[in-house]
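Trainee: Following the hints, complete the assembly by docking chain Z onto the known chain Y.
The chain contents come next:
Protein chains: 2
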Amino acid sequence: MSDRPPSVADGLACPVPLSSPATVQRGHGGGGRMTKDLVERVFLAGADAAALRALHDGAVLDVPAGRLAISTDAFVVTPLFFPGGDIGSLAVHGTVNDLAMCGARPVALSAAFVLEEGFPIDDLARVAASMRAAAAAVGVPVVTGDTKVVDRGRGDGVYVVTTGVGVVREGARVDPRRAAPGDRVLVSGDLGVHGVVVLSVREGLRFETDLVSDSAPLHDLVAGVLDAAGDRVHVLRDPTRGGLASALVEIAESAGVAVALDERALPVPEPVRGACEILGLDPLAVANEGKCVAVVAPGAADAALAAMRAHPLGRRAAIVGEVVAGPAGRVTVGGRAGGARLLEMPRGEQLPRIC
Amino acid sequence: MSDRPPSVADGLACPVPLSSPATVQRGHGGGGRMTKDLVERVFLAGADAAALRALHDGAVLDVPAGRLAISTDAFVVTPLFFPGGDIGSLAVHGTVNDLAMCGARPVALSAAFVLEEGFPIDDLARVAASMRAAAAAVGVPVVTGDTKVVDRGRGDGVYVVTTGVGVVREGARVDPRRAAPGDRVLVSGDLGVHGVVVLSVREGLRFETDLVSDSAPLHDLVAGVLDAAGDRVHVLRDPTRGGLASALVEIAESAGVAVALDERALPVPEPVRGACEILGLDPLAVANEGKCVAVVAPGAADAALAAMRAHPLGRRAAIVGEVVAGPAGRVTVGGRAGGARLLEMPRGEQLPRIC
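Heads up: the sequence lines are chains Y and Z, in that order. Reading the first sequence from the start, the letters are residues 14 to 368 in my numbering. Reading the second sequence from the start, the letters are residues 14 to 368 in my numbering.
So here's chain Y without its partners, still in its complex pose (with noise of 0.2 Å):
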């Protein structure tokens, strides 16, 4: 019930006073001096340090008046560290670009943490750093966070979930309800790479190229779409957990039309076309973490486009397909031979634990 002391090994693993233990205990969720202990020397070990300690439970910004967007992520990716990320930056990517999904521009994060009891200081700390370094990037502030830490075996070292507030661009009507036929679908790049590549680090397999996850932050690469497209920029959305083809059922059904892709636009590298081979998996139903789905107005296409190529993480954008009247929420693939196969909303998950 009390503080479990540091035990002999944690002593042992790093020289520290005993009120800086080595891994996390049931006393760092507490809410008294623990808590605070570890919010001082993990969380605000960066720049937003005097904006935190400032305040409390609660952080206040300034913002104009308008249409805010508010989006939520709870991040549970196991292994925590893979190639091109952690659960730090992806819980600041994936938060960023749902904000941008919704045609706005990211101004404040939270973080909230769930700590196993006898997790890593060391690592706790290196998500922190991730999550900094990702938000900095970003240019935007962890404004406010919690910290709560469940019994050993519970949780898996660290859960993270990020709320993101963003202020929604003037003349911005990204809704999925708006693709309409005619409308081109885009992506903005190569599709799979982050559940292939999380999936390989778990498994232990090996693939002759070295693949990173795509995790990135995407609100700058859809500002330059907005800015070349406007409104005619029907929907935005990235294709995470089910993969493109979640995405695009789900904004069928929503629009209540069917879109046809065409394969030999999509752009599936052939190291997740290997993978996605050998373990069974829909390389089209496989978590992407840095890419982006718009449905623009056919006039705006070739705009749109050219505004996700001009950016660096949109070089190999696409045009791949088109939203035709139809049965709502039918996704097709016409393939090289001529034939259309049917993609479908994956049941369950092909791949637990990517995000």
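Rather than coming from a laboratory, the hints here were simulated on the basis of the structure.
Pairs involving identical chains hold if they fit within one copy or between any two copies, as the list cannot separate such chains.
With a straight-line cut-off of 25 Å between C-alpha atoms, the simulated DMTMM-like cross-links for lysine to aspartate or glutamate are:
1) K49 to E266
2) K49 to D188
3) K49 to D135
4) K49 to E130
5) K49 to E129
6) K49 to E357
7) K49 to D136
Mentor: Just chain Z now, with coordinates in the frame of chain Y:
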């Protein structure tokens, strides 16, 4: 890796079709059809459905220009259901209260769920219904959410993270650094109730009275206090984890002042006092979930007290002490005998998993 089909036990527990298993499956976290079904069945059963259905990974709302408050809280309470509430209502109240303590009127909540594979869907539905009821009572919509599933044996049924956005009231200037010598310290009612109730359920203790958690939304009580005392309300805080002790030490440290409490004025109900004596707990360090501390300029203390007492949740409000010049963070309690004991911020926690 693929969906685990519902077990025979699931089928016996509740005669549902295969597409609606009675317990949480991994596939419910996959972002595909099962996630969508779960969200529609369990989370969208209520009034916000129309708004949420139209949206996807984020929500958009209109806000006036001004100061926006943001707060986030992770809830890992065990047990999930306790007298006077459950993790769902607690999560709504906790976040509404954090916003209220910023002087803000809550305008929207988000909710993220980390579910354990095998958790009964009926229990999840009960938590979701309780959240909806609590949010409806406050008049604040849950506008967006996320659901992830972790392996059986991880998690504890459900962890909930709520984030709230609120608009700071015109004229409110609530900031822990504003506590100044001479200010009066008020509490809105009986102390230590939530912690003692949750612990009693967990430990199978019984008390002679039917004590229930004080979990409640304080936005309305706080609005009354701000109406009555305006910017002469210097600090607001809800003394949750770590209780009144943590809250006051933290405020006193922020402002570089000391606090002198009058033991005789502190409203600690007899069953709480009794339970704490048996358990070796200090009731002033036990969590509250429906109480607020206010530090108010001396001339406004009576008006603030009257406003608290005029509210159903503040009938037992009291002026319990005074801010004094002294070493930063020093909080003392003057006892009946005239002596004073030092009240410290608990190092770790007396009561793990209390919220």
